[in-house]
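Asks: Sequence:
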Amino acid sequence: MNLKEALAHANSVLRESGIEDASLEGEILLRYVLGISRAQLYADLNTELSSEQEKTLEKLLERRRRGEPSAYITGHREFYGLDFRVDRSVLIPRPETELLIELAIKIARKSAITEIADVGTGCGAIAISLAAHLPQVTVYATDISPEALEVARFNCKRHNVADRVVLRRGDLLGPLDGPVDMIVANLPYVREHDLIKNAPLSYEPGLALNGGSTGLEKIRSLIRQMAKKLNRGGYLILEIGEGQVRAVKAILRKEFPEAAIEVHKDLAGIERAISLRLT
1095 MNLKEALAHA NSVLRESGIE DASLEGEILL RYVLGISRAQ LYADLNTELS SEQEKTLEKL
1155 LERRRRGEPS AYITGHREFY GLDFRVDRSV LIPRPETELL IELAIKIARK SAITEIADVG
1215 TGCGAIAISL AAHLPQVTVY ATDISPEALE VARFNCKRHN VADRVVLRRG DLLGPLDGPV
1275 DMIVANLPYV REHDLIKNAP LSYEPGLALN GGSTGLEKIR SLIRQMAKKL NRGGYLILEI
1335 GEGQVRAVKA ILRKEFPEAA IEVHKDLAGI ERAISLRLT
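Each number in my numbering comes from the position in the sequence shown (counting from 1) with 1094 added on.
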């Protein structure tokens, strides 16, 4: 089997299993087996796979066909132009979360932002992306999971920001010594009932997904802690689930009636983020 045939085979297997973006995922798995870049893959599609490479590809396709995400199979996920190590102790970074990075960078470059808290950092994708693009900023990255923090620590070293991303173990804002200028958070917001019904999400840590019966338990707790952890004039940027904007705005307005609140849509037109500024 040559590379062209392997790509077609992977695409067929994944497409028949109902995998979205089957051709892209098949390419990712084939490149992982071969340990090559996309440019190298397409440089000569007539290159033959060894029998061992064919067997390995079949095993990976079977894992993906059964629902295991490609990111966990390969141990990598790209986010905001950076490559991150991931495993089953951390949530796989999603493209829609890049909206938080764009909003935070835009605000930080116009304001005197020097300290940011990334709450529930997971693999560190948000904290590291912010540190990479905002050299004047120190990011405090908190997570309750020690396994997640180990993954984040590896990614910090890999992207040379370990001196400006301070990892802290604990729940929400609890690990912070004092208030910061900005809080960025992608907290669990999936309703527990929906999580049980969603088989593909079963591979990812429930701790990073389960938002309780309403999907808002962690978000509500974070907002209640903010008064002592966010400086005057500080910002909150929060990712939310589809259909949650009204409820989250109500929680924010109750706790901070004078704050300026904005809603932001992702590329799919979904109200994906809420930003707040303490006036």
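No lab work stands behind these hints, which were simulated from the structure alone. Ideal Cβ placement from N, Cα and C applies to all residues, glycine included. Warning: the hint list may mix true and false statements.
As the list claims (entries may be wrong) - Pairs of lysine-lysine residues, derived as DSS-like cross-links and limited to a Cα-Cα distance of at most 30 angstroms, are as follows:
no.: 1; residue 1: 1098; residue 2: 1149
no.: 2; residue 1: 1323; residue 2: 1251
no.: 3; residue 1: 1323; residue 2: 1348
no.: 4; residue 1: 1251; residue 2: 1098
no.: 5; residue 1: 1153; residue 2: 1323
no.: 6; residue 1: 1200; residue 2: 1098
no.: 7; residue 1: 1343; residue 2: 1359
no.: 8; residue 1: 1098; residue 2: 1323
no.: 9; residue 1: 1323; residue 2: 1149
no.: 10; residue 1: 1343; residue 2: 1322
no.: 11; residue 1: 1322; residue 2: 1348
no.: 12; residue 1: 1348; residue 2: 1200
no.: 13; residue 1: 1343; residue 2: 1149
no.: 14; residue 1: 1149; residue 2: 1200
no.: 15; residue 1: 1322; residue 2: 1359
no.: 16; residue 1: 1204; residue 2: 1149
no.: 17; residue 1: 1098; residue 2: 1204
no.: 18; residue 1: 1153; residue 2: 1200
no.: 19; residue 1: 1322; residue 2: 1200
no.: 20; residue 1: 1153; residue 2: 1204
no.: 21; residue 1: 1323; residue 2: 1343
no.: 22; residue 1: 1359; residue 2: 1348
no.: 23; residue 1: 1322; residue 2: 1149
Claimed, not checked - Pair ranges (Cβ atoms, derived):
no.: 24; residue 1: 1168; residue 2: 1230; range: 29 to 37 angstroms
no.: 25; residue 1: 1153; residue 2: 1352; range: 28 to 36 angstroms
no.: 26; residue 1: 1148; residue 2: 1251; range: 34 to 42 angstroms
no.: 27; residue 1: 1130; residue 2: 1373; range: 30 to 38 angstroms
Asks: Under the criterion that the straight-line Cα-Cα distance not exceed 30 angstroms, is the pair residue 1323, residue 1343 satisfied?
Replies: Roughly 19 angstroms between the alpha carbons, so the hint for residue 1323 and residue 1343 holds.
Asks: Below or equal to 30 angstroms on CA atoms is what counts here, so check residue 1343 against residue 1359.
Replies: holds (15 angstroms)
Asks: Given the hint that residue 1153 pairs with residue 1204, test it: the Cα-Cα distance must not exceed 30 angstroms.
Replies: violated (50 angstroms)
Asks: Could one say that the CB atoms of residue 1148 and residue 1251 fall in the range 34 to 42 angstroms?
Replies: With Cβ atoms ~35 angstroms apart, the hint holds.
Asks: For residue 1200 and residue 1098, compute the direct alpha-carbon distance and say whether it is at most 30 angstroms.
Replies: Status violated; Cα separation ~43 angstroms.
Asks: With the threshold set at 30 angstroms, check whether the alpha-carbon distance from residue 1348 to residue 1200 stays at or below it.
Replies: Within the cut-off at roughly 27 angstroms; holds.
Asks: Check the hint pairing residue 1098 with residue 1323 against an upper bound of 30 angstroms on the C-alpha distance.
Replies: Violated - the C-alpha atoms of residue 1323 and residue 1098 are around 55 angstroms apart, more than 30 angstroms.
Asks: Tell me if the straight-line CA distance from residue 1323 to residue 1149 falls inside 30 angstroms.
Replies: violated (53 angstroms)
Asks: Going straight from one Cα to the other, do residue 1343 and residue 1322 come out at no more than 30 angstroms?
Replies: holds (20 angstroms)
Asks: Would the pair residue 1153 and residue 1323 pass a check requiring their Cα atoms to be no farther apart than 30 angstroms?
Replies: Given that 30 angstroms is the threshold and the Cα spacing comes to 48 angstroms, the pair is violated.
Asks: Range first: 29 to 37 angstroms. Now tell me if the beta carbons of residue 1168 and residue 1230 are that far apart.
Replies: holds (34 angstroms)
Asks: Just to be careful, I want the Cα atoms of residue 1251 and residue 1098 compared with a cutoff of 30 angstroms; is the pair within it?
Replies: With a Cα-Cα distance of about 37 angstroms, the restraint between residue 1251 and residue 1098 is violated, given a limit of 30 angstroms.
Figure legend: structure checked against the earlier numbered hints; hints not met, in rising order: 4, 5, 6, 8, 9, 13, 14, 16, 17, 18, 20, 23, 25 and 27.
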